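Q: Letter by letter, the chains look like this.
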Amino acid sequence: MELRVDRHRCAGSGLCMAQVPAVFDQSDEDGKVLLNAPAPAPELAAAVRLAAARCPSGAITLHERDTADH
Amino acid sequence: MTTSTAGAGLVHTRRERFGPAEELRRLSAGRPVTRIDVGPGTDGVPVWLVTGHAEVRQVLGDHRRFSTRRRFGPPSSAGRGEGPRPDELIGQLMDYDPPEHTRLRQILTPEFTLRRMRRIEPGITGIVTEHLDAMERTGPPAELITAFASPVPGAALCELIGVPRDDRVDFLRRCHAFLAPGRGRQRRAAAGELLSRYVAAMVARQRTDPDEGFLGMLVRDHGDEVTDKELRGVCVLLVLAGLDNISGMLGLGTLLLLGHPDQLAVVRDDPRAVDRAVEELLRHLSVPHAPTPRTALADVTVGEQLIRAGEHVLCSLPMANRDPALLADPDRFDITREPAAHVAFGHGIHHCLGAALARMELRIAYPALLRRLPGLRLAVPDDEVPFRVHALAHGVDRLPVTW
Ligand code: SF4
Numbered sequence: 001m002e003l004r005v006d007r008h009r010c011a012g013s014g015l016c017m018a019q020v021p022a023v024f025d026q027s028d029e030d031g032k033v034l035l036n037a038p039a040p041a042p043e044l045a046a047a048v049r050l051a052a053a054r055c056p057s058g059a060i061t062l063h064e065r066d067t068a069d070h
Numbered sequence: 001m002t003t004s005t006a007g008a009g010l011v012h013t014r015r016e017r018f019g020p021a022e023e024l025r026r027l028s029a030g031r032p033v034t035r036i037d038v039g040p041g042t043d044g045v046p047v048w049l050v051t052g053h054a055e056v057r058q059v060l061g062d063h064r065r066f067s068t069r070r071r072f073g074p075p076s077s078a079g080r081g082e083g084p085r086p087d088e089l090i091g092q093l094m095d096y097d098p099p100e101h102t103r104l105r106q107i108l109t110p111e112f113t114l115r116r117m118r119r120i121e122p123g124i125t126g127i128v129t130e131h132l133d134a135m136e137r138t139g140p141p142a143e144l145i146t147a148f149a150s151p152v153p154g155a156a157l158c159e160l161i162g163v164p165r166d167d168r169v170d171f172l173r174r175c176h177a178f179l180a181p182g183r184g185r186q187r188r189a190a191a192g193e194l195l196s197r198y199v200a201a202m203v204a205r206q207r208t209d210p211d212e213g214f215l216g217m218l219v220r221d222h223g224d225e226v227t228d229k230e231l232r233g234v235c236v237l238l239v240l241a242g243l244d245n246i247s248g249m250l251g252l253g254t255l256l257l258l259g260h261p262d263q264l265a266v267v268r269d270d271p272r273a274v275d276r277a278v279e280e281l282l283r284h285l286s287v288p289h290a291p292t293p294r295t296a297l298a299d300v301t302v303g304e305q306l307i308r309a310g311e312h313v314l315c316s317l318p319m320a321n322r323d324p325a326l327l328a329d330p331d332r333f334d335i336t337r338e339p340a341a342h343v344a345f346g347h348g349i350h351h352c353l354g355a356a357l358a359r360m361e362l363r364i365a366y367p368a369l370l371r372r373l374p375g376l377r378l379a380v381p382d383d384e385v386p387f388r389v390h391a392l393a394h395g396v397d398r399l400p401v402t403w
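Protein chains in written order, with the UniProt record's numbering: chain A, 1 to 70; chain B, 1 to 403.
Hints may contain errors.
To be verified - Each pair of labels, with its calculated beta carbon distance range: (1) B/P374 with A/A22: 22 to 28 Å; (2) A/S27 with B/V45: 37 to 43 Å; (3) B/T227 with A/T61: 32 to 38 Å; (4) A/D30 with B/V45: 45 to 51 Å; (5) A/A39 with B/V169: 53 to 59 Å; (6) B/T301 with A/L35: 30 to 36 Å; (7) A/A41 with B/A265: 16 to 22 Å; (8) A/A53 with B/H222: 30 to 36 Å.
Unchecked claim - A few chain B positions that, by computed beta-carbon distances, are all more than 12 Å from chain A: (9) F112; (10) I161; (11) E304; (12) L370.
Just so you know, these hints were derived from the structure itself, not from any lab. These numbers were taken from a predicted model, which means no experiment stands behind them. For glycine and all other residues, C-beta sits at the position ideal for the given N, C-alpha and C.
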């Protein structure tokens, strides 16, 4: 799974970081999302999917590259 | 199908206890977008009510084609999307479209990060403790809204903005006069003016002698990027967003939990369950009826309905949050659910700036209340609890309790 964030879209809710701090961070400078792990470990996939679904601005997108981590 | 809006507010503000009113459900049965009749207020321009979850996210997520600038309301009202913004809306983010919105929001967002909110967490805990102490000293019984649900967010707001201790009672009195529903336009405008004057004085003080509060930080870090009027508007926006919504959540949420003793016990006893419980309370109660109305800037199809440029759109948050397409059995209150992608804080670029603060207040306040007063129960029969009728956020007017 490969992860992308669109910092222009990000509304700065901090929700993603609250849910999966290993993967997402929030910049102190502009309040927007920062990515710690663009290719998160498979065991985080479910949590990351949930975070992407809940992102209030649709700023997080997932790109599944193979079926292994589905 | 059109519906008359005689009675309490527009149809999308109608509730029955915790959920949307039957009338609203019927109106939108199987149709995510419905035309509603709002009377003479909008100069004959069609108004659409969007109730589907995906459709609400589509509208709120599309700031290019849906503007939030005030164009909705009596035809005579000033600032209908063109020309200079009326004074009372300056600084109020929900009236801004990009790129102006982007500029102002960028300045404010860092003041509301999760880390910054965690830094003020001890302050919020202190406020909650103080009010519970006072309840224990003077009760039982107590009226939970005046004793707890309303003053807690009030004190938190003062803490955030940096209102001096000695001024807080006066400041909050002005806020509540400004928010008071069911008053004539003139009296509300006068109350707004009083609040606005107070805030303007506070902004002026911070300009010359900035402290560690939110306003002080803004002035220090972005002093020359924001005007005094904008800062004043930002404070008024925080009042609009941070008082009734949270008091509504606290009062209504407590009432709901009292009716579900097993779930109440979990919120009280299991700190790990609180996050999910708060998300489910936010979803199930959806206290704000709707975000700022949108106006279409181009023809757009939403849920198979063509909405033409110039037409208005209202998004019902409680309906969207009970859309069976979002989650199974949406009318069931269940704090063990996987958190749903609810829209209680809106969606898109106008998503509530204070969401992290609101969540924190709720996460602290519910368990603290239930732990301190484990015997908490209603002091009146359940059907005598008066629900808010004319308010921007749903809630109860009074909640008499004992323990
Ligand atoms: S959840 Fe979305 S909007 Fe919120 S900080 Fe993360 S990317 Fe930004």
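Q: Look at each hint and say if it fits the structure.
A: Okay, the hints, checked on the actual structure:
{"no.": "1", "hint": "B/P374 with A/A22: 22 to 28 Å", "result": "violated, 36 Å"}
{"no.": "2", "hint": "A/S27 with B/V45: 37 to 43 Å", "result": "holds, 41 Å"}
{"no.": "3", "hint": "B/T227 with A/T61: 32 to 38 Å", "result": "holds, 37 Å"}
{"no.": "4", "hint": "A/D30 with B/V45: 45 to 51 Å", "result": "violated, 37 Å"}
{"no.": "5", "hint": "A/A39 with B/V169: 53 to 59 Å", "result": "holds, 54 Å"}
{"no.": "6", "hint": "B/T301 with A/L35: 30 to 36 Å", "result": "holds, 34 Å"}
{"no.": "7", "hint": "A/A41 with B/A265: 16 to 22 Å", "result": "violated, 36 Å"}
{"no.": "8", "hint": "A/A53 with B/H222: 30 to 36 Å", "result": "holds, 33 Å"}
{"no.": "9", "hint": "F112", "result": "violated, 7 Å"}
{"no.": "10", "hint": "I161", "result": "holds, 18 Å"}
{"no.": "11", "hint": "E304", "result": "holds, 21 Å"}
{"no.": "12", "hint": "L370", "result": "holds, 23 Å"}
Checked against the numbered hints given earlier, this structure breaks hints 1, 4, 7, 9; the rest are met.
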